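Engineer: Each chain, letter by letter, is given below.
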Amino acid sequence: MQSYKPVHLLLVEDNPDDVLITQRALKRSRIANDLHVTRDGQEALDFLFHQGGWGCDTPRPDLILLDVNLPRVNGMEVLKQIRSNPPLSAIPVIMLTASDREEDVVKSYRLGSNTYIQKPVEFEKFLHALEVLGEYWIVIAKLPSAA
Amino acid sequence: MTPSSAMRILLVENNPDDVEIARHALKQSAVGHEITVARDGQEAMDFLFYEGEHAGATHAPPNLILLDFNLPRISGFEVLQRVRKAHTFATTPVIILATSIRDENIAKSYRLGANTYIQKPANLKQAIEVLGQYWGIFAMLPPAA
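Going down the list, the sequences are from chains A and B. Residue numbers for the first sequence follow numbering that gives the first Met the number 0, so the first one is 0 and each next one is one higher. Residue numbers for the second sequence follow numbering that gives the first Met the number 0, so the first one is 0 and each next one is one higher.
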């Protein structure tokens, strides 16, 4: 049995309820992880690029869960910036959003997101989706290490 | 493209045991899907681009590709690169199944546009079941280009 080192997850989400559900699901999945939350796209960029109050000891996330519709800077723009900056460009980014618009799905994959997931509306289903997501990305997948 | 619509999986795998495990696990995870198997990189390219024995064929393109890395004839890296350059498959999720856990292979795969890098675990069946649930139930796949 392999032991898992803590995985730094960055959740970019402006809905406080969804933040709580995500925290709960990840705790339930008993996977060692360190969840960091930013509430809008600009704060996410600040976190990633160590600016706006985020110091150089801010960890590089191993995995990013990114909402699409965000205040200030939207999720697509955040994704674009991640993919065009080599130290960050290999980090898996999962779009987690209420939208099921086909153009959002296509655009996300085109910009290099690793999966597009529509948040289930029902609470239990949302929890289950996050549990499977945690198992898939943290237990089964190999994440790229810092470049 | 809804999560419930059928997945058309192309499995590129030259180990017959792993093919059987994957087929069985995908059936277990109760996800509607059809699966095509290519046994090396060249067969995969022929299927994807309607060449060789698939010249003139009319099958729908896959919307999920499971790609082993160590393949005869054309390597998984090469297949990944060619798939990403083709307009039809620019957004198609590609999951690498590899035995290597060298950091450089992992990072390179993600940079080339792989959607997930999975090291084939001892329990391949369980990993494929989770994969089937993740992509078949929760993820939204892009529509065919």
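Just so you know, the hints here were simulated from the structure itself, not pulled from any lab data. These numbers were taken from a predicted model, which means no experiment stands behind them. The beta carbon of each residue, even a glycine, is placed where N, CA and C say it ideally should be. Hints may be right or wrong, so weigh each one.
As the list claims (entries may be wrong) - Among chain B residues calculated to face chain A with C-beta under 7 Å, some are:
| id | residue |
| --- | --- |
| 1 | Phe48 |
| 2 | Ile105 |
| 3 | Gln118 |
What the hints assert, rightly or not - Beta-carbon label-pair distances, calculated as ranges:
| id | chain 1 | residue 1 | chain 2 | residue 2 | range |
| --- | --- | --- | --- | --- | --- |
| 4 | B | Lys26 | A | Gly52 | 31 to 39 Å |
| 5 | A | Gln50 | B | Asp102 | 23 to 31 Å |
| 6 | B | Lys107 | A | Arg71 | 50 to 58 Å |
| 7 | A | Pro58 | B | Ala5 | 49 to 57 Å |
| 8 | A | Leu34 | B | Asp16 | 21 to 29 Å |
Stated by the list, open to error - Okay, the calculated bits of chain A under chain B, using three or more residues with CB under 8 Å as the criterion:
| id | stretch |
| --- | --- |
| 9 | 13–21 |
| 10 | 105–114 |
Engineer: All hints, please: hold or fail.
Structural biologist: To see whether the hints hold, each was checked on the structure:
Of the supplied interface hints, the one on B:Phe48 is violated, with its beta-carbon coming no nearer than about 20 Å to a beta-carbon of chain A, more than 7 Å. Taking 7 Å as the C-beta cut-off, the interface hint given for B:Ile105 holds, the closest approach to chain A being about 5 Å. At about 5 Å, the closest approach between the beta carbon of B:Gln118 and any beta carbon in chain A falls short of 7 Å, and the interface hint on this residue holds. About 51 Å separates the C-beta atoms of B:Lys26 and A:Gly52, a value inconsistent with the hinted range of 31 to 39 Å.
Evaluation of the 23 to 31 Å hint for A:Gln50 and B:Asp102 yields a pass: the beta carbon distance comes to about 27 Å. Between B:Lys107 and A:Arg71 the beta carbons are some 33 Å apart, a value that contradicts the proposed interval 50 to 58 Å. Separated by about 40 Å at the C-beta atoms, A:Pro58 and B:Ala5 break the suggested range of 49 to 57 Å. The given range of 21 to 29 Å is broken by A:Leu34 and B:Asp16, whose C-beta atoms sit roughly 38 Å from each other.
Counting residues of the stretch 13–21 of chain A whose beta-carbon sits less than 8 Å from any beta-carbon of chain B gives 0, not enough to reach three: the coverage restraint is violated. Interface restraint, the stretch 105–114 of chain A with chain B: holds (6 residues with C-beta to C-beta distance below 8 Å; minimum three).
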